[in-house]
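Number of protein chains: 4
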Amino acid sequence: MTNLYDLFSPTDFRYLAGDAAFQQRLMPYLSEAASIRYQLKVEKALVDAYANNGICSRAIAAEVGQACNSIVAEEVYQEEQRIKHNIRALVNCIKKRVGAEAQRFVHLGITSADVLDTANSMRYRDFCKDVLVPDLLKLERGLGEMAQRYADLPQIGRTHGKHAEPITLGFWVASFVSRLGKRIEKIVESACQLRGKMSGAVGCYNAMSIALPVDPRQIEDEVLRSLALPTHETGEIVNTQIVESESLVDLAYAATSAFSVLANLSDDIRHLHRTEIGELQERYAEEHVGSSTMPHKRNPRNFENIKSLWKAFVPRILTCLMDQVSEHQRDLTNSASSRYITELLGMLDYAVERMRSAVANLEVDERKVRQNLAMSKGQTVAEPLYIILAMHGVHDAYDRARLLSRGNNGQQNVLEAALTDPELRPILNKIPPDKQRALADPEKYTGLGEEIARAALDYWGVRLLALCRQKWPDNAKAFDSILS
Amino acid sequence: MTNLYDLFSPTDFRYLAGDAAFQQRLMPYLSEAASIRYQLKVEKALVDAYANNGICSRAIAAEVGQACNSIVAEEVYQEEQRIKHNIRALVNCIKKRVGAEAQRFVHLGITSADVLDTANSMRYRDFCKDVLVPDLLKLERGLGEMAQRYADLPQIGRTHGKHAEPITLGFWVASFVSRLGKRIEKIVESACQLRGKMSGAVGCYNAMSIALPVDPRQIEDEVLRSLALPTHETGEIVNTQIVESESLVDLAYAATSAFSVLANLSDDIRHLHRTEIGELQERYAEEHVGSSTMPHKRNPRNFENIKSLWKAFVPRILTCLMDQVSEHQRDLTNSASSRYITELLGMLDYAVERMRSAVANLEVDERKVRQNLAMSKGQTVAEPLYIILAMHGVHDAYDRARLLSRGNNGQQNVLEAALTDPELRPILNKIPPDKQRALADPEKYTGLGEEIARAALDYWGVRLLALCRQKWPDNAKAFDSILS
Amino acid sequence: MTNLYDLFSPTDFRYLAGDAAFQQRLMPYLSEAASIRYQLKVEKALVDAYANNGICSRAIAAEVGQACNSIVAEEVYQEEQRIKHNIRALVNCIKKRVGAEAQRFVHLGITSADVLDTANSMRYRDFCKDVLVPDLLKLERGLGEMAQRYADLPQIGRTHGKHAEPITLGFWVASFVSRLGKRIEKIVESACQLRGKMSGAVGCYNAMSIALPVDPRQIEDEVLRSLALPTHETGEIVNTQIVESESLVDLAYAATSAFSVLANLSDDIRHLHRTEIGELQERYAEEHVGSSTMPHKRNPRNFENIKSLWKAFVPRILTCLMDQVSEHQRDLTNSASSRYITELLGMLDYAVERMRSAVANLEVDERKVRQNLAMSKGQTVAEPLYIILAMHGVHDAYDRARLLSRGNNGQQNVLEAALTDPELRPILNKIPPDKQRALADPEKYTGLGEEIARAALDYWGVRLLALCRQKWPDNAKAFDSILS
Amino acid sequence: MTNLYDLFSPTDFRYLAGDAAFQQRLMPYLSEAASIRYQLKVEKALVDAYANNGICSRAIAAEVGQACNSIVAEEVYQEEQRIKHNIRALVNCIKKRVGAEAQRFVHLGITSADVLDTANSMRYRDFCKDVLVPDLLKLERGLGEMAQRYADLPQIGRTHGKHAEPITLGFWVASFVSRLGKRIEKIVESACQLRGKMSGAVGCYNAMSIALPVDPRQIEDEVLRSLALPTHETGEIVNTQIVESESLVDLAYAATSAFSVLANLSDDIRHLHRTEIGELQERYAEEHVGSSTMPHKRNPRNFENIKSLWKAFVPRILTCLMDQVSEHQRDLTNSASSRYITELLGMLDYAVERMRSAVANLEVDERKVRQNLAMSKGQTVAEPLYIILAMHGVHDAYDRARLLSRGNNGQQNVLEAALTDPELRPILNKIPPDKQRALADPEKYTGLGEEIARAALDYWGVRLLALCRQKWPDNAKAFDSILS
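Residue numbers (this note's numbering), protein chains in the order written: chain A, 10 to 493; chain B, 10 to 493; chain C, 10 to 493; chain D, 10 to 493.
I should point out that these hints are in silico values taken from the structure, not numbers from a laboratory.
Each hint should be verified, as a subset may be incorrect.
What the hints assert, rightly or not - A short list of chain D residues far from chain A (calculated; beta carbon distances all over 10 Å): (1) Thr-20; (2) Ala-26; (3) Lys-50; (4) Asn-61; (5) Asn-62; (6) Ser-66; (7) Gly-74; (8) Arg-97; (9) Glu-110; (10) Glu-375; (11) Lys-377; (12) Leu-412; (13) Gly-416; (14) Glu-432; (15) Gln-445.
As the list claims (entries may be wrong) - Derived lysine-lysine pairs resembling DSS-like cross-links, with alpha carbons at most 25 Å apart: (16) C:Lys-50 to C:Lys-93; (17) C:Lys-377 to A:Lys-377; (18) B:Lys-377 to D:Lys-377; (19) C:Lys-480 to D:Lys-195; (20) B:Lys-195 to A:Lys-480; (21) D:Lys-480 to C:Lys-195.
For each residue, glycine too, the CB sits at the ideal point set by N, CA and C.
Please model the complete structure; the sequences and the hints are all you need to start from.
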């Protein structure tokens with residue numbers, strides 16, 4: 010037991026373990042205790058497979074299984090303290106609990122990495138299945154609903170931070186529904202590709218080959234199948250002492266690039282929250298404080314937090330890419346570094362959940378949204394004007410519009426200026442009423458914005474639900490409850 | 010024209026442009042001239058689609074097409090110098106070459122990013138299809154053949170840099186066949202996901218919606234189909250001014266993680282090339298110099314080069330991940346940075362090709378391979394010994410073997426020591442002859458090493474050929490010639 | 010000779026070599042030709058030192074010196090093509106030009122890395138001295154003058170993107186004068202720490218020890234002194250085959266963190282350039298185009314470019330940090346990667362120079378600056394109000410001000426509301442007139458902003474000029490002309 | 010209170026908090042509780058300065074001081090839970106403990122960042138002074154003594170992993186003494202540059218200017234001086250809401266590049282620990298286990314751990330470099346990310362201490378060292394041979410030696426071959442006996458290796474002790490006890 014504030018990682022004292030609800034949700038997968046529990050599942054699965062193949066008795070398998078169920082992390086860490094080897098410590102703990110006959114079959118023919126890599130693949134996969142992907146789907150749904158709610162609220166589109174042409178606020182949100190949707194797919198697919206192995210110290214099944222009367226890959230596949238991990242049938246992969254390192258790096262990449270989508274959404278909201286723009290605002294409870302000296306401040310604190318965490322976690326993908334390099338059949342310089350992947354997964358989940366609740370707590374100031382759109386009305390009309398002129402035969406329409414827009418130091422109303430042009434006026438007078446309206450009112454010049462915004466959740470909801478249900482039928486009910 | 014040695018990027022003066030053969034192969038895709046050529050293809054495809062939909066005449070499309078065929082990079086750069094906008098410069102160059110009527114339809118309704126992103130997706134895809142993937146397949150084949158050639162050459166497996174248990178040299182190579190195979194798949198899939206767009210300045214099809222009598226997505230799909238890029242049918246993606254940034258980042262990641270596999274292979278070879286280990290050696294021509302002061306040096310220079318390039322290029326994935334963040338409908342801070350992706354792709358290809366030729370030029374010193382294996386014979390027997398003892402009822406077999414291996418400061422022959430143990434000797438005398446042999450001779454204790462080595466190329470050759478043929482049937486002949 | 014647009018690195022075809030003025034300025038230091046020229050200077054300096062110590066004749070030194078002056082890059086690259094070793098190729102080129110007697114002394118007793126590392130340290134140092142630091146000083150001066158020009162222009166300070174309390178525009182600029190000033194110091198100091206060596210193949214002076222009648226460190230110091238590099242007297246450094254790698258990494262870090270300061274300034278300007286904020290604006294020439302479809306756009310293109318280049322270059326510091334690791338007396342996996350440092354230095358200079366000219370071309374819209382400040386007047390008063398109340402005995406002043414600022418959904422004028430409070434009104438009526446003014450007018454509540462803004466250039470100009478003059482007296486005139 | 014194994018960061022459950030001794034040493038500086046304690050010191054120092062300047066009474070300062078001494082982290086976190094602002098929560102906790110009169114002066118005129126940044130600078134500085142630098146000095150001493158112990162043990166120098174020319178083992182270690190020495194200097198200097206501030210919400214001293222009858226910089230300097238942080242006299246720095254971000258980044262860089270030196274040493278030792286090389290070996294206690302399946306394994310586990318941690322922590326410098334960018338007077342996206350710097354500092358210290366004890370536990374197998382040197386004797390003689398021949402008038406000595414070394418597929422004894430050459434033999438027979446010996450015995454051809462090895466600790470010990478004593482006289486005794 011330790012005091013939370015005597016710790017050193019913000020991940021623990023502030024974000025994940027500092028928040029009881031988070032700690033509870035993540036502990037079964039990402040805590041060190043969970044890590045050891047999953048290792049015990051692997052050791053148990055091996056002896057079960059031995060029993061199924063007549064290599065040991067079912068009684069022995071049951072005895073080992075029971076031992077595995079009763080071991081806790083502290084015990085293993087204490088034994089490791091003595092012998093300086095984590096998995097041998099685990100094995101010793103099991104052996105202490107079983108009879109001499111059973112002892113022989115514990116960990117027989119495999120190596121530490123067989124247990125470690127297999128256990129990690131399982132727990133990261135389960136974490137994605139049970140926690141991260143459901144949380145991502147909830148965020149996806151929240152964003153999708155927001156896209157629908159504001160599907161027809163005209164907003165000025167911005168490029169280079171400057172007013173460009175109108176969109177709708179829902180369309181803006183829809184672009185994140187789409188990008189996040191794609192990232193969720195990547196995460197699901199990478200999680201399902203996480204692999205285990207039972208091929209021994211150098212990957213050649215040396216020990217099992219000599220110990221067992223059966224093809225060791227049969228035992229391996231049986232263990233992997235019982236743990237719901239990919240088997241040989243799903244692809245001929247050659248492992249060394251460790252699982253092919255790309256298996257985990259792909260998930261880390263998928264998580265990292267999903268984090269970047271959150272960072273982008275955070276930045277957008279931070280800027281729409283600016284005093285001068287004021288289109289969005291976090292709701293503050295009565296007692297919340299924005300600044301210790303400026304009593305009036307209300308800041309986009311959640312979005313700042315998510316962007317900041319992104320800066321903390323995005324460079325860590327390089328650790329994973331460096332860990333792809335392991336000399337010969339393995340060099341163990343990925344041992345400490347790969348432990349930190351739990352943090353990346355846990356903190357992504359934290360950011361996802363914080364984004365979901367912060368988005369739900371966001372006020373849209375529709376009046377301000379329309380006001381901002383209106384302020385550049387005289388300028389943003391330059392595009393539809395040039396298009397309409399070009400369609401009506403003006404071959405240098407673009408350059409004419411450009412020059413009109415430069416008048417009065419860029420403050421001139423382009424449409425009004427065009428209407429005073431003796432050459433353009435007659436053309437403009439002739440164009441059909443619906444196009445006249447698009448020129449007169451930027452709120453009408455939003456193209457397919459509304460339609461795209463309305464469609465996003467329908468499309469991605471169906472697509473993601475189908476994928477998750479197919480890959481992880483055992484969690485189908487949870488997926489259903491989120492998306493339908 | 011410029012002198013090669015007046016340049017500043019090693020990519021140019023030393024690696025890609027400094028090598029005429031490389032320059033020729035990469036220029037059609039990755040040079041700046043190629044970039045502009047692909048942009049012209051996009052502008053042409055748009056007007057073609059307009060003609061197909063009766064928006065302009067076929068004659069105009071032909072006129073624009075001809076103009077696009079005749080423009081060169083210098084011209085565009087000169088115009089950009091004047092107006093400070095690259096794509097408007099391109100458009101001006103086209104317009105200068107066509108009549109007033111045709112001028113109206115050039116670039117009509119689209120924005121710079123429509124042209125740029127679509128052109129880049131095309132050229133990166135074509136580069137993968139025509140150059141990078143074929144080169145990767147050649148390397149894959151070279152490695153696969155090496156795996157087969159040395160499938161049964163017993164080699165000591167190494168973990169922690171220490172002798173572990175025997176493998177075969179072919180098995181070691183096979184692990185790279187497998188890892189590289191998976192990366193090639195990732196590259197093919199990412200390249201096929203690269204996307205284009207024709208949705209205008211903020212992604213809402215504002216201009217086209219007002220200009221055209223048809224649904225603008227119909228025009229967009231027609232353009233994309235003609236350029237062999239994914240259309241709406243393949244997935245509802247919402248673009249803003251730019252293509253969803255993940256499309257390109259996924260390819261950059263696939264390329265980077267493939268680079269890491271090369272780096273790992275380089276490191277392995279560098280270490281097997283060490284004086285004390287000496288299992289592998291680069292062939293040196295008579296006139297080659299290894300050191301400017303040590304006349305006797307023969308160094309693994311190609312593998313050092315590849316590892317070094319990996320260090321130069323792997324951190325650049327962070328640029329791509331940062332470029333995922335673009336404020337609102339786009340902020341343009343990815344404009345300069347994303348230009349550098351050509352270098353990543355080109356230099357990966359350089360490393361692949363250098364690896365292929367260096368591997369082909371590698372000598373295996375079989376005598377030394379066997380000698381190294383033999384040197385730890387008395388120690389590596391500890392694993393099979395413990396396994397066999399455990400199988401024959403010794404419940405603390407592991408710890409007994411561990412203690413035997415510590416004798417004489419780790420120099421004791423474990424098997425001989427076991428045979429002098431009054432408790433173990435009778436057991437050892439009873440074990441069947443084949444297991445006796447595995448104890449006596451580490452060359453016999455290689456598990457499934459040979460089998461795995463033999464299977465690797467067959468498996469991956471078939472799998473990769475099928476994938477490449479399916480995705481890129483127009484290049485099927487090239488793929489066939491490499492893999493079958 | 011090669012066509013610029015047949016190249017692959019944007020550094021070459023677009024930024025450095027694509028701009029003739031830049032190419033001319035950088036070529037003497039950062040081009041590949043320069044690299045070889047500097048190597049020849051080192052080879053020459055060695056033979057000079059031999060002559061000075063009577064090891065060879067002065068005639069031989071002159072002969073070698075003349076040879077070194079006449080060799081060009083192409084020649085060396087051709088010889089390298091044949092023998093596959095760059096420095097031996099250089100040596101061969103020299104030897105071909107001198108008589109048999111002189112040949113013996115060329116490169117005698119040293120190794121390639123002695124030449125390479127020493128030459129690189131020299132050319133990077135010279136580049137800093139002659140180009141980068143002068144350019145940084147020009148930017149520093151430009152910023153310092155801007156700080157003075159707008160020293161008293163009140164501007165709203167922004168934290169979290171929200172209006173906080175007033176500053177002056179000059180104060181904002183002054184913070185960059187200060188930060189950049191510190192970075193310039195770091196660059197100067199790191200450049201002066203760049204080291205050379207003459208200690209041979211493994212750093213023990215093996216060859217020289219056997220060849221020479223004098224202490225080899227005497228020769229080394231003489232060579233280094235003649236090249237104006239640090240000698241043994243400045244600190245006992247142990248080199249291996251290569252110069253202690255930290256020497257170069259420190260400069261790379263200084264350059265990278267200076268780049269980050271530019272990135273921050275770019276971001277600030279980009280946001281102040283936003284349509285809604287509009288305090289700053291890049292001047293556009295008549296013919297400049299902002300967007301290919303939106304004729305009215307005027308974008309902060311230079312600042313976007315600088316930010317984007319930062320994203321391309323900041324991750325490269327990891328390459329340098331990885332290059333610190335070199336096995337044993339050297340492993341050569343830093344050979345290719347360290348070549349790219351020329352790009353980092355060159356592109357930083359590009360960004361510096363682009364920032365300088367872009368800042369000079371920036372318009373400040375003073376009316377808009379004051380208008381933005383005024384818009385939050387009723388809210389930003391909360392801080393001075395709470396301070397004044399606290400000074401006048403209100404112990405819960407902060408919380409009172411906080412609650413007042415929440416009135417009318419954060420739209421209430423805090424001062425007016427306070428004046429209607431029966432408890433606060435009498436206090437407020439009693440406060441002295443100057444504090445009344447600070448409450449009534451945010452333009453008066455700018456603290457020491459103006460004073461700090463006025464002082465920045467004076468302080469940093471003197472400090473930097475003194476440093477540069479002391480370290481590099483040979484370039485004092487240039488420094489003087491910039492800063493005084 | 011929480012269970013250690015329910016945590017998520019390896020930094021906590023495994024490395025720092027998982028090791029009671031480490032937790033105790035780091036807690037006073039790097040734990041979250043320490044963070045809050047240091048913040049309280051800052052709040053206290055402010056009121057003390059107010060009292061010293063007659064702004065409040067000494068009794069009030071004492072009252073506030075007492076309150077600050079009694080607050081614990083839990084309390085502050087609970088209040089933060091309620092009001093969602095960490096520093097305002099701290100202020101509320103203080104205010105609750107003091108009377109109404111004193112309440113007015115708590116935190117008066119400053120902003121959260123004044124407290125946070127100042128507190129962090131102090132605790133990181135103290136951590137460097139009291140823990141990290143002393144630990145680094147102990148490692149430096151350990152390495153220096155090892156360099157002296159093996160100053161004259163001849164060892165083969167290795168470049169490209171190949172035998173190059175002889176060094177001494179002590180010389181190899183000395184190169185790390187030198188590199189680490191330089192890094193320690195950097196860390197000390199950066200720690201002493203860490204800055205605090207008291208300039209309020211936007212850096213203009215707005216609030217203090219209005220509240221105080223004195224120049225606010227006088228108060229600020231007094232606070233900083235009392236906390237032993239740099240004041241205005243040490244350099245005119247302009248802060249915004251936050252301390253100039255470079256102050257902390259420079260320390261992070263110094264720490265990161267020191268980590269890289271450890272990584273390099275780890276790699277060297279890992280390779281010298283290889284079975285085939287076997288020059289170094291970690292001592293294993295009787296009960297230690299090297300592998301869960303290979304009873305004979307003895308691995309360089311500590312050095313693998315250090316290298317692995319380097320991979321986990323070196324990319325984090327990018328977080329710091331990204332945090333240099335903060336929009337306007339601050340954007341708060343560095344809030345979460347900069348919290349993680351405690352981990353970087355703590356884990357560097359962990360790696361330093363682990364390296365120290367692992368180096369102390371390292372066995373040098375002198376027999377094997379000499380044996381490895383001898384094995385290339387016939388080849389490494391090529392360098393001294395060519396040098397001697399060149400000195401004796403053979404102008405193409407290098408190429409002759411190179412060709413001799415290629416004989417018999419690189420297995421030929423170069424010296425013997427030279428002696429059979431009718432042209433070279435007479436020359437060789439004439440050379441003086443000491444040079445004959447260097448040719449005959451590589452152990453004699455170690456240049457200045459021994460001398461450099463002996464000098465390293467003397468030089469660096471004196472230099473570092475002087476620096477540390479000068480900068481941090483209050484810890485002089487500790488420095489003395491380590492280095493003299």
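#### Entry: Status of the stated non-contact between Gln-445 (chain D) and chain A (beta carbon gap over 10 Å)
At about 41 Å from chain A, Gln-445 (chain D) clears the 10 Å cut-off, so the statement holds.
### Interface-negative label, Gly-416 (chain D) against chain A, beta-carbon threshold 10 Å
holds (32 Å)
### Query
Within a Cα-Cα threshold of 25 Å, do Lys-480 (chain D) and Lys-195 (chain C) meet the stated pairing?
holds (20 Å)
### Query
Does the no-contact call for Lys-377 (chain D) survive, Cβ to all of chain A over 10 Å?
Check passes; 21 Å lies beyond 10 Å.
### Message
Check whether the Cα positions of Lys-377 (chain C) and Lys-377 (chain A) lie no farther apart than 25 Å.
### Response
Within the cut-off at roughly 19 Å; holds.
### Query
Gly-74 (chain D) clear of chain A by more than 10 Å, beta carbon to beta carbon?
Fine: 20 Å to the nearest Cβ keeps Gly-74 (chain D) off the interface.
### Task
Take a quick look at Glu-375 (chain D) and tell me if its Cβ sits farther than 10 Å from every Cβ on chain A, holds or violated.
holds (26 Å)
### Query
Has the given pair, Lys-50 (chain C) with Lys-93 (chain C), been kept, meaning a C-alpha gap of at most 25 Å?
holds (22 Å)
### Message
Using Cβ atoms and 10 Å as the threshold, tell me whether Leu-412 (chain D) really stays out of contact range of chain A.
### Response
Holds, since 34 Å exceeds 10 Å.
### Query
Does the claim that Ser-66 (chain D) lies outside the interface with chain A hold up, using a Cβ gap greater than 10 Å?
Per Cβ check, Ser-66 (chain D) is outside 10 Å of chain A; nearest 23 Å; holds.
### Query
Is Asn-61 (chain D) truly not at the interface, in the sense that its beta carbon sits beyond 10 Å from all beta carbons of chain A?
The claim stands: Asn-61 (chain D) keeps its Cβ more than 10 Å from every Cβ of chain A (closest is about 22 Å).
### Given as non-interface: Lys-50 (chain D), partner chain A, CB spacing beyond 10 Å
Holds: least Cβ distance 16 Å, greater than 10 Å.
In terms of the numbered hints stated before, the structure departs from hints 1, 2 and 8, listed from lowest to highest.
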